[in-house]
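A.B. asks: Protein sequence lines correspond, in order, to chains S and F. Under numbering that gives the first Met the number 0, think of the first position of the first sequence as 0, with each following residue one higher. Under numbering that gives the first Met the number 0, think of the first position of the second sequence as 0, with each following residue one higher.
By construction, these hints were calculated from the structure, which means they are not laboratory data. A virtual CB, placed ideally from N, CA and C, is assigned to each residue, including glycine. One or more of the hints may lead you astray.
Claimed, not checked - Restraint ranges, calculated between C-beta atoms of paired labels, are given here:
{"no.": "1", "chain 1": "F", "residue 1": "424", "chain 2": "S", "residue 2": "32", "range": "49 to 55 Å"}
{"no.": "2", "chain 1": "S", "residue 1": "62", "chain 2": "F", "residue 2": "193", "range": "43 to 49 Å"}
{"no.": "3", "chain 1": "F", "residue 1": "170", "chain 2": "S", "residue 2": "53", "range": "30 to 36 Å"}
{"no.": "4", "chain 1": "S", "residue 1": "59", "chain 2": "F", "residue 2": "241", "range": "14 to 20 Å"}
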Amino acid sequence: MLKPYRNPFASLASLALAAMVVLLASPSHLFGYADPGTGAFLYQAVYAACIGGVFYFRKFLARIFRKRP
Amino acid sequence: MIATPDAKTLSSFRDPAGSVVHSRDRILRVIHPEFVSEFETFLATRIAHESVESGTLITSERISSDALAGLNPGEALYEHERVAFPSYPYEWPAEMLHAAGILTLDLARKALNEGYGLKDATPYNVLFRGPRPVFVDVLSFERRGACDASWMAYAQFVRTFLLPLLANRDFGWPLQQTLSGRRDGLEPEMIYRTAGFLQRLASPYLQTVTLPTLLAAKRREDASLYHPKPAGSEEQAAYILRNLLNGCKKQLSAAGPRAHVDSTWSEYLEHKSLYSSQQLDEKESFVKEALDLARPVTVLDAGANEGHFSMLAARTGAAVVAIDTDPVVVGSIWRRACAESLDVQSLVVDITRPTPASGWRNQECMSFLDRADGAFDMVFMLALMHHIVVTERIPLEDLLALAAEISREYLLIEFVAPQDPMFQRIVRGREALYSQLTQERFEDAAKPHWELVRSRQITGLHRWLYLYRRRRAEP
Numbered sequence: 000m001l002k003p004y005r006n007p008f009a010s011l012a013s014l015a016l017a018a019m020v021v022l023l024a025s026p027s028h029l030f031g032y033a034d035p036g037t038g039a040f041l042y043q044a045v046y047a048a049c050i051g052g053v054f055y056f057r058k059f060l061a062r063i064f065r066k067r068p
Numbered sequence: 000m001i002a003t004p005d006a007k008t009l010s011s012f013r014d015p016a017g018s019v020v021h022s023r024d025r026i027l028r029v030i031h032p033e034f035v036s037e038f039e040t041f042l043a044t045r046i047a048h049e050s051v052e053s054g055t056l057i058t059s060e061r062i063s064s065d066a067l068a069g070l071n072p073g074e075a076l077y078e079h080e081r082v083a084f085p086s087y088p089y090e091w092p093a094e095m096l097h098a099a100g101i102l103t104l105d106l107a108r109k110a111l112n113e114g115y116g117l118k119d120a121t122p123y124n125v126l127f128r129g130p131r132p133v134f135v136d137v138l139s140f141e142r143r144g145a146c147d148a149s150w151m152a153y154a155q156f157v158r159t160f161l162l163p164l165l166a167n168r169d170f171g172w173p174l175q176q177t178l179s180g181r182r183d184g185l186e187p188e189m190i191y192r193t194a195g196f197l198q199r200l201a202s203p204y205l206q207t208v209t210l211p212t213l214l215a216a217k218r219r220e221d222a223s224l225y226h227p228k229p230a231g232s233e234e235q236a237a238y239i240l241r242n243l244l245n246g247c248k249k250q251l252s253a254a255g256p257r258a259h260v261d262s263t264w265s266e267y268l269e270h271k272s273l274y275s276s277q278q279l280d281e282k283e284s285f286v287k288e289a290l291d292l293a294r295p296v297t298v299l300d301a302g303a304n305e306g307h308f309s310m311l312a313a314r315t316g317a318a319v320v321a322i323d324t325d326p327v328v329v330g331s332i333w334r335r336a337c338a339e340s341l342d343v344q345s346l347v348v349d350i351t352r353p354t355p356a357s358g359w360r361n362q363e364c365m366s367f368l369d370r371a372d373g374a375f376d377m378v379f380m381l382a383l384m385h386h387i388v389v390t391e392r393i394p395l396e397d398l399l400a401l402a403a404e405i406s407r408e409y410l411l412i413e414f415v416a417p418q419d420p421m422f423q424r425i426v427r428g429r430e431a432l433y434s435q436l437t438q439e440r441f442e443d444a445a446k447p448h449w450e451l452v453r454s455r456q457i458t459g460l461h462r463w464l465y466l467y468r469r470r471r472a473e474p
């Protein structure tokens with residue numbers, strides 16, 4: 000079985016992303032002491048994924064409209 | 000003056016960044032050393048300045064650490080403005096909880112633009128100056144991770160604002176019981192069980208009740224769930240959060256109280272009272288003259304109904320706290336006080352079962368009587384005595400003694416004799432119990448605490464108005 004090729008830069012990128020998660024996501028989670036709930040938190044994650052997608056879609060649409068004066 | 004530890008009461012302690020201490024009528028906030036610089040940075044932001052300026056955020060002033068004994072090295076001390084009469088969410092009508100929710104979301108949205116977020120979202124972060132909400136938990140603002148697209152306090156906002164309002168409006172669950180029994184509000188699952196099939200599919204139930212309940216049922220136990228990955232960019236994170244907050248605001252509007260709800264006590268003075276317009280004029284003149292004479296700065300209107308006399312007092316410049324047991328009439332007082340910009344704070348409080356002290360060690364939230372003790376220059380008890388004496392079976396002498404504990408100076412009270420039709424309506428066959436309740440007996444009961452300033456009978460009614468002044472102890 001072929002061993003999959005691992006791009007060393009990809010590992011570095013993952014490491015950087017992991018560091019970003021720690022650096023960027025942690026502060027509010029450390030001191031945001033309110034119980035995040037279970038269902039409401041999952042709903043928020045699903046919502047973020049959907050609206051996050053819409054964000055790119057909107058940018059894409061904006062780019063199209065910008066090209067047409 | 001240095002406040003000694005025995006003089007202080009810890010009233011807010013859950014935040015790892017600091018705590019709030021009540022110390023001899025001062026509200027002091029202790030900030031732990033590692034959070035001092037972030038707190039200072041927040042106080043210098045535009046949102047902090049503008050919100051303090053507009054009266055939606057409480058003032059904070061750094062004071063010498065010497066003002067509070069027992070601080071640890073490096074801890075900073077701030078003093079907040081003291082809100083004249085603090086109240087708690089379980090004393091608010093739906094209108095006030097709704098207004099507190101709107102303020103929380105507005106501040107969260109403004110904070111987002113400056114890179115801040117709210118670390119908690121509970122109605123306990125809000126107090127009221129008259130009818131206007133003011134955000135008092137300044138330490139709730141924290142610097143957001145630039146790409147952090149999650150709001151950890153979202154679930155708390157849903158539990159403590161949205162779901163109690165929904166359950167109150169649609170199922171009649173009283174806010175007073177819901178919020179006094181549950182500090183952190185209602186879980187989506189509780190509402191899901193009560194909601195009907197079609198209701199579960201309609202907004203705002205779908206987003207705040209149904210989807211969270213179904214998602215929670217399908218969850219895998221995985222701690223990493225609570226450490227979501229950051230968004231792809233700062234703009235994307237802000238876009239997601241802005242939409243989430245806008246969605247919350249729409250849901251809050253949808254869960255808001257309905258206007259023009261009728262109750263036993265709504266529109267009482269206009270349609271259900273036995274006062275003719277002439278008799279009401281007589282009563283109003285007496286109250287106005289009493290206010291002219293007493294010139295109170297603070298007034299408690301007990302049994303305020305829709306706040307007719309609270310408004311009279313507020314128009315003379317007094318800060319009024321109006322209490323009644325019926326959330327519908329208390330809500331209508333709030334609406335009117337907002338519309339007319341009058342300094343009236345309306346609360347759902349039963350004077351015969353006043354709000355008890357609550358929370359951890361019964362010390363987080365003070366009882367109503369502890370807050371009211373000597374807090375008012377004048378107390379109104381208009382058309383209230385017969386309900387307290389007959390329905391609640393409180394001894395008349397005790398009612399007048401309680402008034403003397405609450406009022407620093409004046410009492411305006413209406414004596415309703417047993418011959419009065421409203422008195423007879425609530426006696427329900429127990430007339431013999433009140434055969435001795437005469438005007439003379441009422442006056443005798445008042446004597447130990449009160450000296451008479453003036454009194455008058457309402458023409459054609461078995462009702463007398465009394466203005467009393469508190470009797471001073473003999474030197």
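A.B. asks: Now tell me, hint by hint, if it's right for this structure.
C.D. replies: How the hints compare with the structure:
no. : hint                      : in the structure
1   : F:424 to S:32: 49 to 55 Å : holds, 52 Å
2   : S:62 to F:193: 43 to 49 Å : holds, 47 Å
3   : F:170 to S:53: 30 to 36 Å : holds, 34 Å
4   : S:59 to F:241: 14 to 20 Å : holds, 19 Å
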